[in-house]
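Sequences and hints are given; from them, build the entire structure.
There are 2 protein chains.
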Amino acid sequence: MRAPISLSLDAVIVAVTDDEPRLLAVETGEGWAVPSGLLDPDADRTLEVALRRWVASQTGCEVGYVEQLYTFGDQDRRREPAAPRHLSVAYLALVREAQPSPGAAWLDWYSLLPWEDHRDTPPPVLREIRDQLDRWAGADPDRRGRAAINFGLESGSWDPIRVLERYELLYEAGLVTERYRDDALEPPAGLPGAPELAYDHRRVAATGLARLRGKLTYRPVVFEVMPTTFTLTQLQHTVEALIGMRLHKQNFRRLVEQGELVEGTGTMAPSTGGRPAERFQFRSEVVSERPRPGMRLPGLRG
Amino acid sequence: MRAPISLSLDAVIVAVTDDEPRLLAVETGEGWAVPSGLLDPDADRTLEVALRRWVASQTGCEVGYVEQLYTFGDQDRRREPAAPRHLSVAYLALVREAQPSPGAAWLDWYSLLPWEDHRDTPPPVLREIRDQLDRWAGADPDRRGRAAINFGLESGSWDPIRVLERYELLYEAGLVTERYRDDALEPPAGLPGAPELAYDHRRVAATGLARLRGKLTYRPVVFEVMPTTFTLTQLQHTVEALIGMRLHKQNFRRLVEQGELVEGTGTMAPSTGGRPAERFQFRSEVVSERPRPGMRLPGLRG
DNA sequence: ATACTAATGCTCGTTTGGAGCATAAGTATG
DNA sequence: CATACTTATGCTCCAAACGAGCATTAGTAT
Chain S
13 MRAPISLSLD
23 AVIVAVTDDE
33 PRLLAVETGE
43 GWAVPSGLLD
53 PDADRTLEVA
63 LRRWVASQTG
73 CEVGYVEQLY
83 TFGDQDRRRE
93 PAAPRHLSVA
103 YLALVREAQP
113 SPGAAWLDWY
123 SLLPWEDHRD
133 TPPPVLREIR
143 DQLDRWAGAD
153 PDRRGRAAIN
163 FGLESGSWDP
173 IRVLERYELL
183 YEAGLVTERY
193 RDDALEPPAG
203 LPGAPELAYD
213 HRRVAATGLA
223 RLRGKLTYRP
233 VVFEVMPTTF
243 TLTQLQHTVE
253 ALIGMRLHKQ
263 NFRRLVEQGE
273 LVEGTGTMAP
283 STGGRPAERF
293 QFRSEVVSER
303 PRPGMRLPGL
313 RG
Chain Z
13 MRAPISLSLD
23 AVIVAVTDDE
33 PRLLAVETGE
43 GWAVPSGLLD
53 PDADRTLEVA
63 LRRWVASQTG
73 CEVGYVEQLY
83 TFGDQDRRRE
93 PAAPRHLSVA
103 YLALVREAQP
113 SPGAAWLDWY
123 SLLPWEDHRD
133 TPPPVLREIR
143 DQLDRWAGAD
153 PDRRGRAAIN
163 FGLESGSWDP
173 IRVLERYELL
183 YEAGLVTERY
193 RDDALEPPAG
203 LPGAPELAYD
213 HRRVAATGLA
223 RLRGKLTYRP
233 VVFEVMPTTF
243 TLTQLQHTVE
253 ALIGMRLHKQ
263 NFRRLVEQGE
273 LVEGTGTMAP
283 STGGRPAERF
293 QFRSEVVSER
303 PRPGMRLPGL
313 RG
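In the order they appear, the protein sequences are chains S and Z.
For the first sequence, our numbering gives the first residue as 13, with consecutive numbering after it.
For the second sequence, our numbering gives the first residue as 13, with consecutive numbering after it.
Where hints are given, some of them may not hold.
It does not matter which identical chain is meant; a pair holds if it fits inside one copy or across any two.
Result set (SDA-like, lysine to any residue): computed pairs, CA atoms no more than 20 Å apart in a straight line [unchecked claim]:
#	residue 1	residue 2
1	Lys227	Glu177
2	Lys227	Glu252
3	Lys227	Glu79
4	Lys227	Tyr77
I should point out that these hints are in silico values taken from the structure, not numbers from a laboratory.
The following block contains the structure:
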């Protein structure tokens, strides 16, 4: 008799409000976690349907855009011998922020992954992380190489897409607390990668952010988190929030406009102290996802 | 008591020989299929380990590069009521072609997906496909739009990456035989998308080819299917075989060389009737996958 | 009126990509 | 041996895309 398998659906749900990217989380006995629920093999015709059902029931939010991310199936080192083998299929979802039901809340992405926010100054933790990685790598050229490339040690080039690689490097180097929890060890004090989620959900979240940042460069998925009308500055700030970097303002407009992603509505946004901005909306061709007009996002690796 | 779940691991294994891309398949009662086997929840520590085990036992081939593709979990319309719910996790693997064990064989990708090979002339089936899609779309603007974008009806722009979208469009339009098999109907004669694989494996294969073509544009994964040394022309032909398009020769070399993907070995390849070519090899930095030097593949959407 | 702020418009130089000409170094043929 | 033919390799030219910054405009605050 073969052992049973249980399968859950995990949702990395992203929104942006007040120019800050947020992750929808639910409270569990183990701390904050990403919305997640078991597949009902009889009732759920598709995995995506099951996912939407669970997200709605746990958070009260209806998700729009959904995309499969990754299936995690490694054996849990801490499982009880008789427990069923557990797999989880993770999804990325984009929504406009809404009030979640009790027990659910929006968390700040950059509290979770503080080293990922390079919008203003390089994040303060990064200094610490680099020092500790340097110590961890020692003279090992492979370790040094990976640390340099992923954390932009040399030449100051930061690649926003390498979210997952960075997380995994920190895990390997023992700089995130999950590492100690998974091995049932006591974590050393003052780790740079302290704030965590239950289970392997910070890894799942990192996978989602990496995918989202990558996708932004070739598909205009931003519109999923934007209100129907917005100013170009709002759009830019939203993109910047997601990729964690600042962009050149004039060039950003040029790209958006000549990429024919948006069109003016003729109306003006309430002024915030300077010249009033026109309100724009996404062109319907963009919304229906058919072509592949990406928001090109140049200046992304400088 | 919850119904049981069974989970298989499917491998889309790609090689290139004689400038033709090939897919590794095994013989089953339902025809050719991709290598596949059930996860043993107790024995297999990771999904990838299970995959490698099954591939080796079914084909005798050891796969090198492996990457998770997608998890298929829709309920099978034709399943028996008491059968366990079946899911499959598909992987993409790249290998240098080797003799498989009996019962396994290399199939030609472009016999399977004949409309995907645009290396010389546009493939002959494409005419037929376009006509039939035109009839299917009728006056529906959405259908017309998707057909046009995916099959390059207007402006002659063919996007090699849209392999999966094209397959799904053909499926939806009833131009591939699987569609009729899945609905237990008799297929009409003379379908353009005739040659098929068992189960949903042609869809799985299309997913793999799409991913591979996309990945080639930003990661130098070609080297996984190349011998240790090769001429630049061989490299170009291999890439062309995979993306199904011809590339400008001089520009290709420029990209490869200034992308610092390869280095000369100083030795010459046996002449084939013209000026002898230098043999190249991939730089070790490229092989160890660390940086992100993609083979840029410009001229890809013209 | 003047200072300040943010939006918008435009230029300019650099880099990248697409296309083709020119030359080099072999083989096949008279 | 001269000539044609083939393929490899080197280089140029032009157009489009990108990065950076200056200039102007249209509001609000003092």
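Exercise. What are the numbers of the hints that this structure violates, sorted from low to high?
Worked result: Those not satisfied: there are none.
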